[in-house]
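The primary structure of each chain is shown beneath.
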Amino acid sequence: MLKLKVNDIDVEVEEGTTVLQACEQAGAEIPRFCYHEKLSIAGNCRMCLVEMEKSPKPIASCAMPAAEGMVLRTNTEKVKKARKGVMEFLLANHPLDCPVCDQGGECDLQDQSMYYGIDKSRFKENKRYVPEKYMGPLIKTQMTRCIHCTRCIRFATEVAGVPELGAIGRGENMQITTYLEKAMESELSANVIDLCPVGALTSKPYVFEARPWELKKTETIDVMDAVGSNIRVDTYGWEVKRVLPRINEEINEEWISDKTRYACDGLKNQRLDTPYVKINNKLKPSSWDEAFKAASERISKTKSEKIAGFIGDMTNMETTYAAKDFFEKTIKSENLESRYEKLYINTNVRSNYLFNSSIEGIEKSDLIILIGTNPRYEATILNSRIRKNYLKHKTEIISLGDIGDLTYPYQVIANNTDTIKDIIDNKHEISEKIKKSKYPCVIFGQSVLKLKSAPYIFEEFKNYLLVNNKISDDWNALNILSKNSSTVGSYDLNVLSKNSSYEILDKLENNNFEILILFGQDNLNFEKKNEFIIYIGSHGDKGASIADVILPGSTYTEQDGYFTNLEGKLQKAYKASYPPGEAKEDWQIINELSSFIKRKNLYKDKNQLIDSLINYLNLNNKNEAVFEVPEYNFKSEKIITEEIDYYHSNVIARASKTMSECKNIRMSLPKTGTDN
Amino acid sequence: MAIKKISKVQPEKFEFNKKNKETADSIIKNYPSGKQQSAVMALLYLAQKQNDNWIPLSAMKYIAKYLDMPYIKVYEVATFYSMYNLTPVGKYFFQVCTTTPCMLRGAYNLVDVCKRKISEEENRLSEDGKTSWLEVECLGACVNAPMLQLNEDYYEDLDPTKLEQIIDKISNDEVPQPGSYRGRLSSEPENTRKTLIGNKNA
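Line by line, the protein sequences are chains Z and P. Counting with my numbering, you get residues 1 to 676 for the letters of the first sequence. Counting with my numbering, you get residues 1 to 202 for the letters of the second sequence.
These aren't lab readings, by the way, just hints derived from the structure by calculation. Certain hints may be false.
[Claimed, not checked] Looking from chain P toward chain Z, a few residues come up when the C-beta cut is under 7 Å (computed):
hint, residue
1, Ile-3
2, Asp-68
3, Pro-70
4, Tyr-75
5, Val-77
6, Thr-79
7, Phe-93
For each residue, glycine too, the CB sits at the ideal point set by N, CA and C.
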């Protein structure tokens, strides 16, 4: 620990901290533009100047390491004058277009010039003009406003792992650009908008939409992938205008993926805003009563074992729980399934389907093995953690099969189940590496759990890790990377076929059911024959197109709901807006449908539902139904990591114009960014 | 100095010739392994020499691959330094110094001559395609101001008429004598020496 004095206050800081951080610990606020906690230090804006004893000139506090016995002052006349001087130079070439700038109201330059700047300019020369740059469909540029802090360049190079941004020219004529003005090829690209302290990089889809002080801000959870990034949803009236990240060091740090941020315009398109009933083979708008009647009559007439329900990929846990109650109590059927493909899940202990090393834990891992997963597209934020680990420790990363650019180098080994058998039998070089490693991190994707030999791979590999003491109280090397936000929550609620067999999915394929109730499930792979389909969901997508009765529901921004992320963290998403038209919250629909069938509501109100849900989770009655591991055999197979359509992976993203635009641009680019 | 323009006409391909490849490899060996990117400036200069005194985009890409670094990083370096030419230059390339000492001694008169006799704009080839000119910052020959650099040589103590003569000679493919154009030897005082007269070795 180092002892310093800041403005006559004694502080103790850890070794390796900068003067800026030390000043902040002493409670002194230091203005800055280029410095950012999560990026490397550049020291080029000079806004953070402070006075240090025995130094003839003020020092740039962000770039100066704190040392024992330093005496610092942040409030002297000299410092104030230095800040004013720097501010004046920064503003010399900055246009006075705050009234038409999208950053206005949340602009670092605006705020800091109010606090630390002077009220007029002495600059009489012509201001510099910089031509606009093209940076893809998400980032709007207005480079005349740029103050050359280089945060965006450092973000692209360090965090996103796509060194495509750079500064060309020099001095006054320096310009930030992508190489020959290509779109940035990263799923994290839009974070540069948040990083930009001025209005040089702003959000293209949000351009001239609203002012920050007009927006209602709701802190909530993202559902685009299983990571559960913490977000803030900004609404104007009922319309979701934009999505911004919230800081959560354990999950998303300060970043969110482009899909999280820009799929929000999909909340407005293709929405189901009124119930529909199929009459004479044509879907017709109807009232709620008619729709409920059509559904309940059909359900009452059908044998309960001929009814099946499927939980969707973005369904919150309240809805899942209500659906479970609906099936158990109202219909008296066990045919409720949350999977849409035949994944092997051992539900004996919770850690069998979680990402046990935790997202934060990735940072200390010393060996990462990817089996049947492409984290860049399946969990972008998680992938950036792996990259962070790689940059820090040059960790060895191994993948079964070549899965394309992951933004960090990795070793490719044969993508066969034989490889896994070899590892388990200690015949592979990786076996030694796993044994030697202190914190190995083995990540199984859904593509491998789908295989015929999935039970063998999972059980034997787990056993292997157990034997080698890699699963213990302080570290668990076994990780399952789920793709969807509802997956882990549904497993927690035991929404699976009995003994997590594929019974329901098999029956579905053989058209054994008469009624299917889809709770926002659009990914089912089956040929519709004579099934009567009730769709409860928000968007007119695949599920609604085959439905006979459509009951319009809500999306994640329109209802409160719990989600469990892939690490097993329970988080609550809050209502930011209202469902459109006559649409209702999902649990209400289930509740009312139940009252039409049994003349009795399932719950009095939502509190009762939540209480009983939390109760169920606390009891965790997994022990009642012990999972019997089926007999399994080894089968030599190829492990093919399924490519996912990143920009169109769920109904909201598919309805989003921005996402479609991103997809088109990505497809027109060559496969690897550095190849043309 | 405004930002450098990139030529619209670009060759498809660039590759080091055999000799330059050897030189490049030996330059890379000067740096510790893994730090080969440090050779980027030297390699850009090699490419410029090989490609008629200018660097096309394909050469930047080639060097980026050669040194295993992102394109944009090479592009940054090439646009930063003024002595890398990113547009084709003439076989005879005039660089007129216009920094203060030269300017005070009439460098802009030389610029006017260049504009009249070579091309209206900087970095544009003359009508016969042989010459081009560029305003540059101090070339370090202030004592002989005003001066310019023609390819590798300095032409000093100029005035508009003398520059016109030089340009005329050039257009006939004669290379005029470099050095002072007022009969000085290097940077010796004009006429006779007035100081350090008694000193033998001065």
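Do the hints match the structure? See the list:
1. About 4 Å separates the beta-carbon of Ile-3 of chain P from the nearest beta-carbon of chain Z, less than 7 Å, and the hint is met.
2. Interface hint at Asp-68 of chain P: violated, since its Cβ lies 10 Å from the closest Cβ of chain Z, which is beyond the 7 Å cut-off.
3. Taking 7 Å as the C-beta cut-off, the interface hint given for Pro-70 of chain P holds, the closest approach to chain Z being about 4 Å.
4. Given hint, Tyr-75 of chain P at the interface with chain Z, holds; its Cβ is 6 Å from that chain's nearest Cβ, closer than 7 Å.
5. Below 7 Å, beta-carbon pairs count as interface contacts, and Val-77 of chain P has none with chain Z, the closest being about 9 Å; its hint is therefore violated.
6. This hint holds: Thr-79 of chain P has a C-beta 4 Å from the nearest C-beta of chain Z, less than the 7 Å allowed.
7. Of the supplied interface hints, the one on Phe-93 of chain P is violated, with its beta-carbon coming no nearer than about 21 Å to a beta-carbon of chain Z, more than 7 Å.
Checked against the numbered hints listed earlier, the structure breaks hints 2, 5, 7; every other hint is satisfied.
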